[in-house]
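J.: Using the sequences and the accompanying hints, generate a full structural model.
Residue numbers (this note's numbering), protein chains in the order written: chain A, 5 to 283; chain B, 5 to 283.
Please note: incorrect hints may appear among the correct ones.
Chain copies aren't distinguished; within one or between two, either way the pair holds.
Calculated cross-link-like contacts (lysine-lysine; reagent style DSS-like; alpha-carbon spacing at most 30 Å) [stated by the list, open to error]:
1. Lys280 / Lys99
2. Lys206 / Lys47
3. Lys47 / Lys205
4. Lys245 / Lys255
5. Lys121 / Lys182
6. Lys212 / Lys47
7. Lys206 / Lys245
8. Lys281 / Lys255
9. Lys121 / Lys255
10. Lys259 / Lys280
11. Lys255 / Lys280
12. Lys245 / Lys259
13. Lys121 / Lys205
14. Lys259 / Lys121
15. Lys99 / Lys281
16. Lys147 / Lys241
17. Lys259 / Lys241
18. Lys105 / Lys259
19. Lys281 / Lys245
20. Lys280 / Lys47
21. Lys255 / Lys205
22. Lys182 / Lys205
23. Lys205 / Lys259
Treat the hints as calculated values from the structure; they're not laboratory data.
Each chain, letter by letter, is given below.
2 protein chains.
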Amino acid sequence: MDFWYKEAQTNDLLLGVRVTDILHSETTPYQRLAVVETVEYGKMLILDGAIQCTERDEFLYHEMIVHVPMHVHPNPKRVCVIGGGDGGSVREALKHSSVAKVKHVEIDGAVIEASKKYFPHLSSGFSDPRVDVLITDGIEYLKNCEPNCFDVIIIDSTDPVGPAVGLFSAEFYGYAYKALTWDGVICAQTESPFASANLLKKCWHNMKVHFPQVGVATGFMPTYPTGFWTYTVGSKKMALKANREVTIRGKYFTKSLMERAFDLPPFLQEMLEGSKKNL
Amino acid sequence: MDFWYKEAQTNDLLLGVRVTDILHSETTPYQRLAVVETVEYGKMLILDGAIQCTERDEFLYHEMIVHVPMHVHPNPKRVCVIGGGDGGSVREALKHSSVAKVKHVEIDGAVIEASKKYFPHLSSGFSDPRVDVLITDGIEYLKNCEPNCFDVIIIDSTDPVGPAVGLFSAEFYGYAYKALTWDGVICAQTESPFASANLLKKCWHNMKVHFPQVGVATGFMPTYPTGFWTYTVGSKKMALKANREVTIRGKYFTKSLMERAFDLPPFLQEMLEGSKKNL
Chain A
5 MDFWYKEAQT
15 NDLLLGVRVT
25 DILHSETTPY
35 QRLAVVETVE
45 YGKMLILDGA
55 IQCTERDEFL
65 YHEMIVHVPM
75 HVHPNPKRVC
85 VIGGGDGGSV
95 REALKHSSVA
105 KVKHVEIDGA
115 VIEASKKYFP
125 HLSSGFSDPR
135 VDVLITDGIE
145 YLKNCEPNCF
155 DVIIIDSTDP
165 VGPAVGLFSA
175 EFYGYAYKAL
185 TWDGVICAQT
195 ESPFASANLL
205 KKCWHNMKVH
215 FPQVGVATGF
225 MPTYPTGFWT
235 YTVGSKKMAL
245 KANREVTIRG
255 KYFTKSLMER
265 AFDLPPFLQE
275 MLEGSKKNL
Chain B
5 MDFWYKEAQT
15 NDLLLGVRVT
25 DILHSETTPY
35 QRLAVVETVE
45 YGKMLILDGA
55 IQCTERDEFL
65 YHEMIVHVPM
75 HVHPNPKRVC
85 VIGGGDGGSV
95 REALKHSSVA
105 KVKHVEIDGA
115 VIEASKKYFP
125 HLSSGFSDPR
135 VDVLITDGIE
145 YLKNCEPNCF
155 DVIIIDSTDP
165 VGPAVGLFSA
175 EFYGYAYKAL
185 TWDGVICAQT
195 ESPFASANLL
205 KKCWHNMKVH
215 FPQVGVATGF
225 MPTYPTGFWT
235 YTVGSKKMAL
245 KANREVTIRG
255 KYFTKSLMER
265 AFDLPPFLQE
275 MLEGSKKNL
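T.: Quick look at the structure:
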């Protein structure tokens with residue numbers, strides 16, 4: 005028997021992954037959710053036809069989206085994770101000993117439940133007393149949030165379709181700016197510079213509307229389109245570098261990686277700097 | 005009309021790329037060769053069902069496989085490129101002003117002809133008087149080559165199937181060792197650490213049979229399996245770092261990249277060091 009999961013990564017690109025079992029499939033109020041077992045990547049979480057994470061390569065993504073912005077902040081105590089219902093970003097944030105509170109805002113509680121059941125390694129942080137989970141719309145949450153609430157905000161969103169579209173807007177980054185402390189830092193996943201160049205440029209410009217310092221970090225991510233992923237970081241005051249000792253050594257993230265995290269390849273720097281505001 | 009090129013990257017992984025035109029298709033004495041036009045990546049060269057290069061992302065691969073080993077050598081004058089009939093590696097090698105001669109050994113002359121016709125940007129180096137093209141088997145060539153002939157040898161092979169299998173063997177690395185000068189450097193493309201972990205481990209061990217210093221550099225490569233590629237470098241005498249001024253600034257390769265080119269992520273370092281010789 006020959007079962008494949010095939011993702012249309014763009015109109016013109018497709019990734020196929022051999023599947024050995026469909027462990028879970030449901031339609032939540034927000035999206036279609038599936039958990040499958042694959043040969044190459046172990047268990048895989050799929051939302052609305054897009055691979056969210058796999059057992060084998062999730063560390064590459066979660067270490068980047070969390071540890072890069074967390075080291076830009078000199079002393080992150082209060083962290084907000086928007087999206088990322090699988091729990092991987094929460095898990096990584098908790099590795100920083102300075103962290104007193106992680107507010108996790110996820111629109112779809114079914115993702116958290118599926119992760120607790122099928123991805124215990126990803127969802128391990130949910131039982132930590134420092135974590136406060138809120139099932140609600142992240143945009144509304146940050147819009148109405150008290151100012152100066154968070155040191156670091158992580159936008160661990162799905163692709164920019166459906167309810168996640170607003171998470172890539174200048175308006176939303178403005179809410180995040182207000183919710184951050186004076187030395188606050190934001191990090192958003194901003195897709196592939198090859199498959200989604202315009203989206204990346206748009207996010208970069210949108211973040212620059214509010215944040216005086218914006219940088220882009222890149223990292224490998226085999227199960228995302230082109231394997232080449234970006235994380236856009238905005239900072240209110242702190243320079244885009246490690247502003248404290250790099251205390252984390254992950255499977256991918258290291259002190260050395262942090263030292264050149266914002267050192268973009270020339271083709272990408274030119275792509276961003278040559279891009280127009282109105283995309 | 006909906007045309008796709010679908011590559012079985014492994015038994016369990018598939019990449020699909022939308023095709024708008026088939027420009028060329030032939031069966032050479034060595035392999036099936038096709039050139040297609042794609043939406044995402046421009047023109048694409050395919051050999052025996054495996055994407056070799058595309059107009060849009062080839063620079064990522066060619067800059068890594070050439071400029072990393074070329075900077076490990078203090079003064080590379082004589083370079084040998086085995087494989088790489090598209091000409092991308094030859095083109096990059098010629099950018100080093102120290103280079104007096106590039107010996108290009110390709111088993112299949114049809115690849116060079118196709119590149120000259122469809123990829124003028126890749127094949128531009130073939131008209132340089134420093135380039136000497138030899139259509140023959142790279143293994144036999146290095147086996148019978150005079151000792152101390154080359155400062156740098158670049159193994160720009162296809163995947164380890166068919167005639168290319170021998171290009172990943174310890175025996176072949178031994179021929180290369182002999183053909184290199186006392187401070188010579190070799191670099192081989194060694195596939196993806198996710199899709200071909202065992203092959204990478206094997207090459208690393210095989211190269212260590214002969215070369216006292218062996219390092220692995222990693223780089224993005226969207227159209228190769230998992231987008232995550234490795235380049236294994238062996239050095240007879242020189243330390244694995246830039247041993248001269250970094251004079252090249254490419255679209256991807258920079259001085260900064262060279263400074264941490266051999267700085268492997270912990271998961272990959274552990275994978276290599278924990279691996280056994282007999283794979």
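J.: Hints the structure violates: just list their numbers, smallest first.
T.: The structure conflicts with hints 1, 5, 6, 13, 14 and 15, although it agrees with all the remaining ones.
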